[in-house]
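S.K.: Take a look at the letters that make up each chain.
4 protein chains.
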Amino acid sequence: MNFASDNTSGASPHVLEAIVRANAGTLPSYGGDPHSVEAQRRLCEIFAAEPAIALVATGTAANALALASVVPPGGVVFCHEHAHINDEECAAPEFYTAAGKLVGVPGENGKIDPDALRTTLRRFPRGVVRQAQGACLSISQATESGTLYTLGELRELTGIAHENGLVVHMDGARFANAVASFGCTPAAMSHEVGIDVLSFGATKNGTLACEAILVFDKAAGAALPFRQKRGGHVLSKGRFLGSQMAAYLEEGHWLDLARHANAMAKRLADGLQLRNSVRLPWTRQVNEVFAILPHASIARLREAGAMFYDWDPDYLPVAQRPGPTETFVRLLCSFATEPAEIDRFLELERAAD
Amino acid sequence: MNFASDNTSGASPHVLEAIVRANAGTLPSYGGDPHSVEAQRRLCEIFAAEPAIALVATGTAANALALASVVPPGGVVFCHEHAHINDEECAAPEFYTAAGKLVGVPGENGKIDPDALRTTLRRFPRGVVRQAQGACLSISQATESGTLYTLGELRELTGIAHENGLVVHMDGARFANAVASFGCTPAAMSHEVGIDVLSFGATKNGTLACEAILVFDKAAGAALPFRQKRGGHVLSKGRFLGSQMAAYLEEGHWLDLARHANAMAKRLADGLQLRNSVRLPWTRQVNEVFAILPHASIARLREAGAMFYDWDPDYLPVAQRPGPTETFVRLLCSFATEPAEIDRFLELERAAD
Amino acid sequence: MNFASDNTSGASPHVLEAIVRANAGTLPSYGGDPHSVEAQRRLCEIFAAEPAIALVATGTAANALALASVVPPGGVVFCHEHAHINDEECAAPEFYTAAGKLVGVPGENGKIDPDALRTTLRRFPRGVVRQAQGACLSISQATESGTLYTLGELRELTGIAHENGLVVHMDGARFANAVASFGCTPAAMSHEVGIDVLSFGATKNGTLACEAILVFDKAAGAALPFRQKRGGHVLSKGRFLGSQMAAYLEEGHWLDLARHANAMAKRLADGLQLRNSVRLPWTRQVNEVFAILPHASIARLREAGAMFYDWDPDYLPVAQRPGPTETFVRLLCSFATEPAEIDRFLELERAAD
Amino acid sequence: MNFASDNTSGASPHVLEAIVRANAGTLPSYGGDPHSVEAQRRLCEIFAAEPAIALVATGTAANALALASVVPPGGVVFCHEHAHINDEECAAPEFYTAAGKLVGVPGENGKIDPDALRTTLRRFPRGVVRQAQGACLSISQATESGTLYTLGELRELTGIAHENGLVVHMDGARFANAVASFGCTPAAMSHEVGIDVLSFGATKNGTLACEAILVFDKAAGAALPFRQKRGGHVLSKGRFLGSQMAAYLEEGHWLDLARHANAMAKRLADGLQLRNSVRLPWTRQVNEVFAILPHASIARLREAGAMFYDWDPDYLPVAQRPGPTETFVRLLCSFATEPAEIDRFLELERAAD
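Residue numbers (numbering that gives the first Met the number 0), protein chains in the order written: chain A, 0 to 352; chain B, 0 to 352; chain C, 0 to 352; chain D, 0 to 352.
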């Protein structure tokens, strides 16, 4: 019953086997191996595009390098005020963008409000030397609240960004879960709605340590390999990254994993929703469930070994915040979560009454 | 017959098995897992010290983060003019040290000349505002020429550094090979001779993608985890790094691997040294052989599939450079190199006469 | 009738004469001249302290270098959400702090709210690697709203900061106006209430281009000269800076200038306050008047050549924002503002009825 | 008899008067004043070009911002191994270029050797991810040895640079002295021979604290104002910079000043050349004289109050270095040096026999 994060599991068996297979023999280093080449080929195929691509071992590196590819030194990145890049990455985006500035934009349900974005942009007028200049809009899909922008919402935001001379980055740490939830193509949720640069997450969804950066305008991504090396993110035994990504993308494996994680979260949310004493402030759309639970349930669950994090109630509108006998928690399901774990969790929660 | 690099092999079977075993089940993320804890314990034990430790996936990250731990923004790092950090890491050390400056010091056989170091230090007087201020001396052991500083030579260099207010970093990408060659303890070649911060390489010697940074003054390394995260170098599924390092250090495995690689290089160097038409400009001490070979041999070997790199003849004193019908090459052996490969290489070389 | 800024005037005649006098003859460069030495002596005397001191030509340099002196690479600077360092300096603080992060804290009347500060600090827990670590609290005195923290309020904020391991910076671009308003000593408004580093503004108050940075813990400021040089902020003909600051501090000249500017603003505020059609949302305390004026007045004044900036109504609580026929403006007085200008302004404003 | 530097004098009387005149009244801030506009107009006129222009207060800022305009983060700047940007600016170029790397190229007489440049460039191949990528060639005219590249030599170097995809920067700290020496047009020594970006020095030649940056491709310089602000180099009372540069360029004043300084240095060099006991290792071409003098002369001169710096003998070929009873010194003349000072110096030197 580990619902702490989708990174508390290891790699999917299919991915692990690929790593093992790729370990044999001598191969060119620094990404020249056939596994890395195959990974790139599959990414192009799946996205129906010819982007500049880099494989890296962490999501923070993916986001920071993706942003650095499109943000000039000291440029401004607009993002949701609770975006992972703003709150959880120890100022890595600032570091990689040569001291860029992250500016938070408010919005309910973890989603950037278009009007709030327009208002914020007016505070950074073009050509006024006192103000750092806007460079990028970063959108998280799924959001930090486990919600999803519709394709129309994405198009609206990228439209505002492009009108204002910004490039658009998507933090797709849970891109697979979002695509699985929509049933759309990867292209439809990225370059077709105006995403210029994508952090294509995979570690949370079944690789051991592998993410991809896709810069859809290949020429714009020309410096990506050098930035990657300068950040210390080019693995000498590149086969490790290549084999993971190639296996992850093989025959829809990545979507199978995501569909499973989403389904587990749905099972959990459905179960909790039946309870009068439990509230789910945000609609579950991917593999994350945010819930306000009675203290009694929390105690019972943790006593039984269930693992999950308390979440910051300030992220909720005042009216929805937990009462004095409640706690706001995040429950994450992964490709490895089993139905029995969900059922046991729900049973324990009910038993706390 | 792949002598191109010691990173063209995968992980040693023992290390790979440990990765596989560690993949099962849920574990705390970001280095809180028992494998990472065990890796740290073994590093402390082997070095007979209590350093601040970080595990990272690349050697460039290890060097750059190690330097950043001890170099203030814009500080000067003195190193051999052909040091890997100066020549081969795409300015990652400059990036991580907040625009530090690398200053090359000459010296034969890939080793910093103590007198040249003293002369160079005089060009960077303390307290003169026009000059960037010296912060660090970085020593590669083994060197880029495959040679070794004696412990006495290390002590001389660290002495000069400390007298001049510098901390001392060791780029130990091939630390294991050096220790295996000397038969000394890890402590004797690091903190006991005045090394303050060590990049403890492992990837070239049998891990898949894992290196350690050791800051021997633990307090001085307090910011290391934050710098690591800020660089995007904290793996969420930390078990991947921890399991590799723990297995690598288990029951002397790391030294077994290094001894093998060294022995293979010895076999190769010994064979080449019997040949009148071949010259070895630098004495072989670890797993690298640098040789000047006749064009005919080169052609024959490559035709037969042998892989190795041409090396820059400018690194040699003028008198030792290759003649018009010779080429300077680097030949690297790894833990996976087999005696038969060496023998076949030597045979082919001889047959070119 | 130029109320656009306190930097639209040149230097005070006394300061200008000092520049002219200092121009004669040869003198040591890079701050070794007697004028710079005298400026440092006077700063020590006036502040009753022995800080590390640097003279620079711009306020942005003063703030950015002051922050860089106390913020490690990537550290967090907490400041009011509308602080000059956050809003008006083109990300110079981020640049100089090696990609530090500025985090805005709300508060009415331009002043950081202590509770909001405590709440914000909780979002950046110590030792949690995902979060950039807090390094500094920056307080503007006077604020961007022309208001003043009382000495007690300053002590409360610096107390919170120090408890949380932060050093405290004061952006004293209008430090002189604040001291003149309070009638306190410079020490009482800086190191005695817990300010660790001060940007001591002078350009807005009568120098041509000269500010001072004071790091009250002299040892902590040891690297200041090198950071200054690295930023390109050491003037070769240092006499230009030294002569300005020495003259500015001579016989209370700096306070005479500030008292005059404050008195002019008072005359203006007093006049406006008599008018029913005008609102002053923030109490005037230094040389800045913020007023909501009817469109008719605005038009009349600008037609007559009065110069001043519209101000962002979003900085006001919703209830206080200008109505559809009003505009929010900022009116700045300087050492050079003449009573007749104020009277003419008031007369024109009244005549718009 | 101050020959220590050309920055030990103040401003020329003509420049000082302009500063005084410009001080009166209110004017737009941040460079919007008529003096700054006129300065820009004159720079365009004198260079027969429409560059992007910035005025700054220091030479270090001029060089660092000029380089930052054309060097992407982490790019390599090639320059003479003893270039001011490499040796005397406290790593400011590295700071402003977001951790760029300066690579020294050898060459006699302070001039980059074209063959050495070609050799060095081969060490930084395009597209090889291990190597930082070349971005810029920086040429000092006049050099740190007081020598001049001929226009042909400049064209050769810029040709090599452009063929290799580098932009070319000229550090023109003594540009005026060089133009005065050649009698050519400013255009002929800059954009017409392939210079892309120029640091146009003025402080050493008669302003108090003002230099210009010219990016000849105006579009390429679009970000210059933002970089300038981000560095803290936009003066609020911009009239101070504008009035200096406008006066400096008025009716050839700048060239009059430079011709005088050059003539004084010629008088000094001519006098020294008559002496058997004195050697001038580098031909005097501008306002700098480098001489090897007997200890007796040095002692006599310093006793009489002459000021000048010892210079690093390692900058000379071994055969030309001072003997055991000699010292290598640098003697600088400025616009303010008087013939009587030269004559007195020569007399004292002769009297030491």
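One should not assume that every hint holds.
Which copy is meant is left open, because identical chains are indistinguishable; a pair holds if it fits in one copy or across any two.
[Stated by the list, open to error] Restricting the straight-line Cα-Cα distance to at most 25 Å, the calculated cross-link-like pairs of lysine to any residue (SDA-like) are: (1) LYS265 / ALA3; (2) LYS217 / PRO71; (3) LYS265 / ASN108; (4) LYS265 / LEU315; (5) LYS265 / ARG122; (6) LYS217 / GLU340; (7) LYS217 / VAL277; (8) LYS265 / ASN275; (9) LYS217 / ASN163; (10) LYS217 / GLY103; (11) LYS265 / VAL102; (12) LYS217 / MET0; (13) LYS217 / VAL127; (14) LYS265 / ARG40; (15) LYS217 / ARG320; (16) LYS217 / GLY126; (17) LYS265 / CYS43; (18) LYS217 / HIS13; (19) LYS265 / ALA221; (20) LYS265 / PHE123.
Keep in mind the hints are simulated off the structure, nothing from the lab.
S.K.: Could you run down the list of hints and mark each one as holding or not?
M.R.: Verification of the supplied hints:
Taking the shortest Cα distances, LYS265 and ALA3 sit within 25 Å of each other inside one copy (16 Å), while across copies they are farther apart (51 Å). Taking the closest pair of Cα atoms, LYS217 and PRO71 come within 25 Å of each other both inside a single copy (17 Å) and across two copies (18 Å). When the C-alpha separation of LYS265 and ASN108 is checked against a cutoff of 25 Å, the pair qualifies only within one copy, where the shortest distance is 18 Å, while the shortest distance between copies is 47 Å. Proximity of LYS265 to LEU315 under the C-alpha cut-off of 25 Å is restricted to the intra-copy arrangement: shortest distance 21 Å within a copy versus 44 Å between copies.
Neither within a single protomer nor between protomers do LYS265 and ARG122 lie at most 25 Å apart by alpha-carbon distance, with minima of 40 Å and 30 Å respectively. For the identical chains of this complex, LYS217 and GLU340 are neighbours neither inside a copy (44 Å) nor across copies (41 Å), given an alpha-carbon limit of 25 Å. Taking CA atoms no more than 25 Å apart as the test, LYS217 paired with VAL277 passes in neither setting, with 48 Å inside one copy and 46 Å between copies. In the homo-oligomer, the alpha carbons of LYS265 and ASN275 lie at most 25 Å apart inside one protomer (18 Å), although the nearest pairing across protomers, at 61 Å, exceeds that limit.
When the C-alpha separation of LYS217 and ASN163 is checked against a cutoff of 25 Å, the pair qualifies both within a copy, at 22 Å, and between copies, at 22 Å. In the homo-oligomer, the alpha carbons of LYS217 and GLY103 never lie at most 25 Å apart, since the shortest distance is 28 Å inside one protomer and 33 Å across protomers. For the homomeric pair LYS265 and VAL102, neither the shortest alpha-carbon distance inside one copy (33 Å) nor that between copies (36 Å) is at most 25 Å. Taking the shortest alpha-carbon separations for LYS217 and MET0, neither the intra-copy value of 43 Å nor the inter-copy value of 36 Å comes in at or below 25 Å.
In this assembly of identical chains, the alpha carbons of LYS217 and VAL127 lie at most 25 Å apart only when taken from different copies (18 Å versus 31 Å within one copy). Proximity of LYS265 and ARG40 under a CA criterion of 25 Å is satisfied in neither setting, with 33 Å inside one chain copy and 41 Å between copies. With identical chains, the CA atoms of LYS217 and ARG320 are never at most 25 Å apart, being 45 Å at best within one copy and 42 Å at best between copies. Taking the closest pair of Cα atoms, LYS217 and GLY126 come within 25 Å of each other only across two copies (15 Å); inside a single copy the shortest separation is 28 Å, beyond that limit.
In this assembly of identical chains, the alpha carbons of LYS265 and CYS43 never lie at most 25 Å apart, being 31 Å within a copy and 45 Å across copies at closest. Proximity of LYS217 and HIS13 under a CA criterion of 25 Å is satisfied in neither setting, with 30 Å inside one chain copy and 40 Å between copies. For the identical chains of this complex, LYS265 and ALA221 are neighbours neither inside a copy (41 Å) nor across copies (42 Å), given an alpha-carbon limit of 25 Å. Taking the shortest alpha-carbon separations for LYS265 and PHE123, neither the intra-copy value of 41 Å nor the inter-copy value of 32 Å comes in at or below 25 Å.
Hint compliance for this structure: hints 5, 6, 7, 10, 11, 12, 14, 15, 17, 18, 19, 20 are not met, and every other hint is.
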